[in-house]
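Engineer: Now for the letters of each chain:
There are 2 protein chains.
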Amino acid sequence: MNPSEENITHRFFKHLNTFVTVEEKDFPHILSYFNTVKLSKKEIAVRAGGKCNTKYFVLSGCLHMFFTDEKGADRTIQFALENWWLTDALALHHQTNTDFNIQAVEDSEVLEIETDNHDLLLEAYPQMEKYFRMMYQIAYGASVKRMYYIFNYSKEEIFFSFREQFPEFVQRVPQYLIATYLGLTPEYLSKLRAKKVS
Amino acid sequence: MNPSEENITHRFFKHLNTFVTVEEKDFPHILSYFNTVKLSKKEIAVRAGGKCNTKYFVLSGCLHMFFTDEKGADRTIQFALENWWLTDALALHHQTNTDFNIQAVEDSEVLEIETDNHDLLLEAYPQMEKYFRMMYQIAYGASVKRMYYIFNYSKEEIFFSFREQFPEFVQRVPQYLIATYLGLTPEYLSKLRAKKVS
Numbered sequence: 001m002n003p004s005e006e007n008i009t010h011r012f013f014k015h016l017n018t019f020v021t022v023e024e025k026d027f028p029h030i031l032s033y034f035n036t037v038k039l040s041k042k043e044i045a046v047r048a049g050g051k052c053n054t055k056y057f058v059l060s061g062c063l064h065m066f067f068t069d070e071k072g073a074d075r076t077i078q079f080a081l082e083n084w085w086l087t088d089a090l091a092l093h094h095q096t097n098t099d100f101n102i103q104a105v106e107d108s109e110v111l112e113i114e115t116d117n118h119d120l121l122l123e124a125y126p127q128m129e130k131y132f133r134m135m136y137q138i139a140y141g142a143s144v145k146r147m148y149y150i151f152n153y154s155k156e157e158i159f160f161s162f163r164e165q166f167p168e169f170v171q172r173v174p175q176y177l178i179a180t181y182l183g184l185t186p187e188y189l190s191k192l193r194a195k196k197v198s
Numbered sequence: 001m002n003p004s005e006e007n008i009t010h011r012f013f014k015h016l017n018t019f020v021t022v023e024e025k026d027f028p029h030i031l032s033y034f035n036t037v038k039l040s041k042k043e044i045a046v047r048a049g050g051k052c053n054t055k056y057f058v059l060s061g062c063l064h065m066f067f068t069d070e071k072g073a074d075r076t077i078q079f080a081l082e083n084w085w086l087t088d089a090l091a092l093h094h095q096t097n098t099d100f101n102i103q104a105v106e107d108s109e110v111l112e113i114e115t116d117n118h119d120l121l122l123e124a125y126p127q128m129e130k131y132f133r134m135m136y137q138i139a140y141g142a143s144v145k146r147m148y149y150i151f152n153y154s155k156e157e158i159f160f161s162f163r164e165q166f167p168e169f170v171q172r173v174p175q176y177l178i179a180t181y182l183g184l185t186p187e188y189l190s191k192l193r194a195k196k197v198s
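Which chain is which? The protein sequence lines are D and L, in order.
Each residue of the first sequence is one higher than the one before, starting from 1 at the first, in UniProt numbering.
Each residue of the second sequence is one higher than the one before, starting from 1 at the first, in UniProt numbering.
Everything labelled a hint here was simulated from the structure, so no lab data went into it.
There's no promise every hint is true.
[What the hints assert, rightly or not] Simulated pairs of lysine-lysine, DSBU-like, Cα-Cα distance not exceeding 35 Å:
{"#": "1", "chain 1": "L", "residue 1": "25", "chain 2": "D", "residue 2": "145"}
{"#": "2", "chain 1": "L", "residue 1": "191", "chain 2": "L", "residue 2": "71"}
{"#": "3", "chain 1": "L", "residue 1": "14", "chain 2": "D", "residue 2": "51"}
{"#": "4", "chain 1": "L", "residue 1": "145", "chain 2": "D", "residue 2": "195"}
{"#": "5", "chain 1": "L", "residue 1": "155", "chain 2": "D", "residue 2": "145"}
{"#": "6", "chain 1": "D", "residue 1": "155", "chain 2": "L", "residue 2": "71"}
{"#": "7", "chain 1": "D", "residue 1": "155", "chain 2": "L", "residue 2": "155"}
{"#": "8", "chain 1": "D", "residue 1": "51", "chain 2": "D", "residue 2": "155"}
{"#": "9", "chain 1": "D", "residue 1": "155", "chain 2": "D", "residue 2": "41"}
{"#": "10", "chain 1": "L", "residue 1": "195", "chain 2": "D", "residue 2": "145"}
{"#": "11", "chain 1": "L", "residue 1": "155", "chain 2": "D", "residue 2": "191"}
{"#": "12", "chain 1": "L", "residue 1": "51", "chain 2": "D", "residue 2": "145"}
{"#": "13", "chain 1": "D", "residue 1": "51", "chain 2": "L", "residue 2": "145"}
{"#": "14", "chain 1": "L", "residue 1": "71", "chain 2": "D", "residue 2": "195"}
{"#": "15", "chain 1": "L", "residue 1": "191", "chain 2": "L", "residue 2": "145"}
{"#": "16", "chain 1": "L", "residue 1": "14", "chain 2": "D", "residue 2": "145"}
{"#": "17", "chain 1": "L", "residue 1": "155", "chain 2": "D", "residue 2": "195"}
{"#": "18", "chain 1": "L", "residue 1": "145", "chain 2": "D", "residue 2": "145"}
{"#": "19", "chain 1": "L", "residue 1": "71", "chain 2": "L", "residue 2": "51"}
{"#": "20", "chain 1": "D", "residue 1": "71", "chain 2": "D", "residue 2": "195"}
{"#": "21", "chain 1": "L", "residue 1": "41", "chain 2": "D", "residue 2": "145"}
{"#": "22", "chain 1": "L", "residue 1": "51", "chain 2": "D", "residue 2": "14"}
{"#": "23", "chain 1": "L", "residue 1": "195", "chain 2": "D", "residue 2": "71"}
{"#": "24", "chain 1": "D", "residue 1": "71", "chain 2": "L", "residue 2": "71"}
{"#": "25", "chain 1": "D", "residue 1": "38", "chain 2": "L", "residue 2": "145"}
{"#": "26", "chain 1": "L", "residue 1": "42", "chain 2": "D", "residue 2": "155"}
{"#": "27", "chain 1": "L", "residue 1": "191", "chain 2": "D", "residue 2": "71"}
Just need the whole structure built from these sequences, with the hints factored in.
Structural biologist: Encoded structure:
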């Protein structure tokens, strides 16, 4: 492992220790269950219709999960920036094919872990079971909260609230992706952005 | 514990063993971390604006989680029938106030567990950590899938697909609750039901 790789994977060590306790001496072994992978911008990691055996942890860059709707338009259903996981959790659990693609939005570096290794890791390190329980708990809670926004607020309110909560994200990620994630058309999002300049 | 209580809580034992291994001899101790509670139809277990320290497992009956929207209408965001959990996972994790109410849709019997007991249980029984990781993984995956339906299908398609997947549920639960859960008005749902009789 060269110094820059060591440096970037150390982010995962720091991240883990904000939720559970992982000893420095155990980390290289924990890391050995993962692959470190570089994805170029627009590279597809998982393709809709195929298996989804892998979870992705973003070390740098940004991934999104999207599907192609009945009119042929791509629609983002989830984003993952640094320190976030992305996978089709249901397809992973049931070992079924996924409806979703996972793609790099920017040049990205990720840790990937396949189901078999994931199960072995969780057996070997019980704190990783706890860690993933917390990750899924937060992801589930956030997903319900997102539904709450969709049901309770106008599209305009959703956009402005999203921009207030995640200003860097709105600057960084292409607007047409944010539009589909928020359930807006790119044209409508452009209008909103023109309407109020922060 | 009287025989009928023993009988109903045994459902939880059977349910646990479809995901992890729990020994019969350990089950009474596991159960001691929970309270068995009867809720009357329409009884509120958690009130919006307050703390949400508790998770509910439905032994019999049905709960829902709802909020009152800006127009004053109640909107269901999640249901839980038998063998399902209900809580505001994000408020529970961050120990913040919840935006949601949790209420019995029918006379129900539930197991409830508070955060402190939950943490003690998971320390004492690592398989319960695994169990909750799986519960949250499935709940998160299902929530993303629901978003996929909302984004990809018309309201009419969502209703018919939902009825096909959960026919008993549609028979059992009041239509005005299903309507808000699917993002429809009760009037629109009535029209849909009249349109195609299964």
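Engineer: Each hint should be assessed against the structure and marked as holding or not.
Structural biologist: Outcome of the hint check:
Taking the CA atoms of residue 25/L and residue 145/D, the gap is near 39 Å; set against the 35 Å cutoff, the hint is violated. Proposed proximity of residue 191/L and residue 71/L is supported: the alpha carbons are some 22 Å apart, at most 35 Å. Restraint check: the Cα-Cα separation between residue 14/L and residue 51/D comes to about 30 Å, which is no more than 35 Å; the hinted pair holds. For the hint linking residue 145/L to residue 195/D, the alpha-carbon distance of about 33 Å falls within 35 Å, and the restraint holds.
Distance check on the hinted pair: residue 155/L and residue 145/D sit about 21 Å apart at the alpha-carbon level, within 35 Å; holds. The straight-line distance between the Cα atoms of residue 155/D and residue 71/L is roughly 16 Å, inside the 35 Å bound, and the hint therefore holds. A hinted pair counts as satisfied when its Cα atoms are at most 35 Å apart, and residue 155/D with residue 155/L qualifies at roughly 17 Å. Simply put, residue 51/D and residue 155/D have alpha-carbon atoms about 34 Å apart, close enough for the 35 Å limit, and the pair holds.
For the given pair, residue 155/D sits about 29 Å from residue 41/D by alpha-carbon distance, which is consistent with the 35 Å threshold. Annotation: proposed proximity of residue 195/L to residue 145/D holds, straight-line Cα distance about 33 Å (limit 35 Å). Under the criterion of a C-alpha separation no larger than 35 Å, the hint pairing residue 155/L with residue 191/D is consistent with the structure, at around 26 Å. Of the pairs offered as hints, the one joining residue 51/L and residue 145/D holds, with about 16 Å between alpha carbons and a cut-off of 35 Å not exceeded.
Proposed proximity of residue 51/D and residue 145/L is supported: the alpha carbons are some 16 Å apart, at most 35 Å. Restraint check for residue 71/L and residue 195/D: the C-alpha separation of about 25 Å stays at or below 35 Å, so the hint holds. Pair hint residue 191/L plus residue 145/L holds up; C-alpha atoms about 26 Å apart against a cutoff of 35 Å. Straight-line distance between C-alpha atoms of residue 14/L and residue 145/D comes to about 31 Å, which keeps the hinted pair within the 35 Å bound.
Annotation: proposed proximity of residue 155/L to residue 195/D holds, straight-line Cα distance about 30 Å (limit 35 Å). Straight-line distance between C-alpha atoms of residue 145/L and residue 145/D comes to about 15 Å, which keeps the hinted pair within the 35 Å bound. Between residue 71/L and residue 51/L the CA atoms are separated by roughly 24 Å; this keeps the pair inside 35 Å, and the hint holds. With a C-alpha separation of about 28 Å, the suggested pair residue 71/D and residue 195/D falls inside the 35 Å cut-off, and the hint holds.
At roughly 26 Å between alpha-carbon atoms, residue 41/L and residue 145/D fall within 35 Å of each other, so this suggested pair holds. Taken as a hint, the residue 51/L and residue 14/D pair is honoured in the structure, with Cα atoms around 30 Å apart against an allowance of 35 Å. The suggested pairing of residue 195/L with residue 71/D holds, with an alpha-carbon distance near 25 Å, which does not exceed 35 Å. Proximity of residue 71/D to residue 71/L is assessed by CA-CA distance (about 33 Å); at most 35 Å being required, the pair is judged to hold.
With a C-alpha separation of about 28 Å, the suggested pair residue 38/D and residue 145/L falls inside the 35 Å cut-off, and the hint holds. With a CA separation close to 32 Å, the supplied pair residue 42/L and residue 155/D stays within the 35 Å bound. In summary, the hint linking residue 191/L to residue 71/D is supported, as the alpha carbons are separated by about 26 Å, within the 35 Å threshold.
Going down the numbered hints, you'll see the structure goes against just number 1.
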